[in-house]
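Peer 1: Using the sequences and the hints, build the whole thing.
The residues making up each chain are set out below.
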Amino acid sequence: MIDGDGYVAAAYIIFLALVLIYVGIMAFRLSNLERELAELNQEAAQQDAEREAPEPAKVG
Amino acid sequence: MTLYGKGLRSLSIATAVVLTGAFLLIAFYAPEDADQGIIQKIFYIHVAMAIVALCGFTAGGVMGFMHLRTHDRRWDLRSYVAIHLSLILAVGVLLTGAVWAKGSWGSWWVWDEPMLVSFLIVFLLYATYQPLRFSIEDPERQSRYASVFAVVAGAFVPINFAAVRMADSFIHPRTLGTTTGGMPGEMMLTFLVTLVGVALLFVTLWKYEMAAKHARGQVKALRRRITGERASVVGGRSAAPQVHV
Amino acid sequence: MRSTVAAILRKDLRLELRTFEAIPSMTLFSLTTFVLFHFGLNETSVEGDLAAGVLWVTLLFAAILGLNRLFVAEEEQGGFDGFLLAPVDRTAMFVAKATGLFLFLALVELVAVPAFTILLLGPSPWAILPELILVLALGNAGIAVVGTLVAGIAVRTRARDLIGPLITLPLLVPVILAASQATAPLLAEGGAQALPGRWVAVLGIYDLIFGLVAYGVFDFLLED
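Those protein sequences? They're chains X, E and F, same order as listed.
Residue 27 in the working numbering sits at position 27 of the first sequence, and the numbers go up by one each step.
Residue 169 in the working numbering sits at position 169 of the second sequence, and the numbers go up by one each step.
Residue 208 in the working numbering sits at position 208 of the third sequence, and the numbers go up by one each step.
Rather than coming from a laboratory, the hints here were simulated on the basis of the structure.
Accuracy of the hints is not assured; some may be wrong.
Stated by the list, open to error - Distance ranges between label pairs, derived from CB positions:
hint: 1; chain 1: E; residue 1: Ile13; chain 2: X; residue 2: Ala49; range: 40 to 46 Å
hint: 2; chain 1: E; residue 1: Glu137; chain 2: X; residue 2: Glu36; range: 20 to 26 Å
hint: 3; chain 1: F; residue 1: Trp126; chain 2: E; residue 2: Pro31; range: 56 to 62 Å
hint: 4; chain 1: F; residue 1: Gly82; chain 2: X; residue 2: Tyr22; range: 28 to 34 Å
hint: 5; chain 1: F; residue 1: Arg90; chain 2: X; residue 2: Tyr22; range: 38 to 44 Å
Beta carbons: idealized from backbone N, C-alpha and C, even for Gly.
Peer 2: Written out as structure tokens, the structure reads:
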């Protein structure tokens, strides 16, 4: 086997590539989650603002 | 409340250390095989992935069985993640096996390597797991049917191996690699370290994905709480089990 | 339990006798497939491994044809609900359907196997008839058990005629493997050889294990 090295390298690269693809998919999901959390945070802030805003009106 | 991310950091570090050590051992410590030369070094990752994938499929079956017994939806999620990861490993086994076959025998596929052939059959079976889940709309029924599938397929895996190996042993008494008998000590040690490394990787990724699914469920629950029930119909049907918090 | 099984079985057989849906189409399918194999392989007669493979693959696909219809009457006409409301053992449904499928396959083979010997088979099968019947029975049992279980899963999905065969085929690879290995020496060119006992044993073990597994988990398919 003269060019056996190439095949061995290929096999281990396949392993590495699979793990990396997996990490990539998980990263994609994480970015979705991040976006969703940011939206929720914004919405929660908005609700807080709405709750606080009418109160001075009642007093005044 | 269980947090799946707990212990994930130390697990990741352990995985990185053991896998790196395994690759170093494979590259510099393990001797070259007398018959096959350097190409035999594919053996370590190929067989380690195969064994871990098999254990993963079996574990998925056991978890599916637990789901059927306890009606606890978390067992279905665990089973789903285990099968999903094992399927990825099975792809790895098929690809590295094909490379090995090409390097050793000059063709991308050989029918007389029982490990490879059984993995093709097992892969074809488990490849239907996701479509099956996807085509059942009711989430409760989806989990139940998927667990039945997981149990049946888990029982199928060892039988299939036995049958394929038996068919093969008529033509070839024993081909390479798949038995560890008569292996020099250095090879054995390298193989065991690789096996532990891949197993650790499996557990780490399993916990990682469980944590991700769990986090997603938490975010969904949070969204329901903040925006009210009107926003609870987000997204379409899913093949993955949903986490309910 | 026994009376429930008998009742469901009687219902299925009567339905089949009234409509003539499954058995004739499965038989016709087998005959057409033999013709296709004649042209596809460009052989006037087959023997040994090839004969065993042609026979078993044809029977497998014919069985798949029948599987798709196995629970359709129950699903479409509310038979499941009626069955679940009745105070009977749920496993009876599995036993009855698997037995029914076994009988259907046996009836199909009653026509298909003689047709195979006339159309394609080189060596005469008379001498090895008992052995052949034994292998056919064990193979049928495996197909019936696994097929019934998968049909029970697939009938409640959206794409049932896709999902069912996709799951069934890989699950039945060991059956086809063992059955072909067991049949091949019987149909060997220049006189039948002895029946390989270990493959018969594999078939028997497969039937036993999957019979038990399916018996154990089938209940869960009928829970709602």
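Peer 1: Does each hint hold? Answer for all of them.
Peer 2: Hint-by-hint comparison with the structure:
{"no.": "1", "hint": "E:Ile13 <-> X:Ala49: 40 to 46 Å", "verdict": "43 Å, holds"}
{"no.": "2", "hint": "E:Glu137 <-> X:Glu36: 20 to 26 Å", "verdict": "24 Å, holds"}
{"no.": "3", "hint": "F:Trp126 <-> E:Pro31: 56 to 62 Å", "verdict": "60 Å, holds"}
{"no.": "4", "hint": "F:Gly82 <-> X:Tyr22: 28 to 34 Å", "verdict": "47 Å, violated"}
{"no.": "5", "hint": "F:Arg90 <-> X:Tyr22: 38 to 44 Å", "verdict": "40 Å, holds"}
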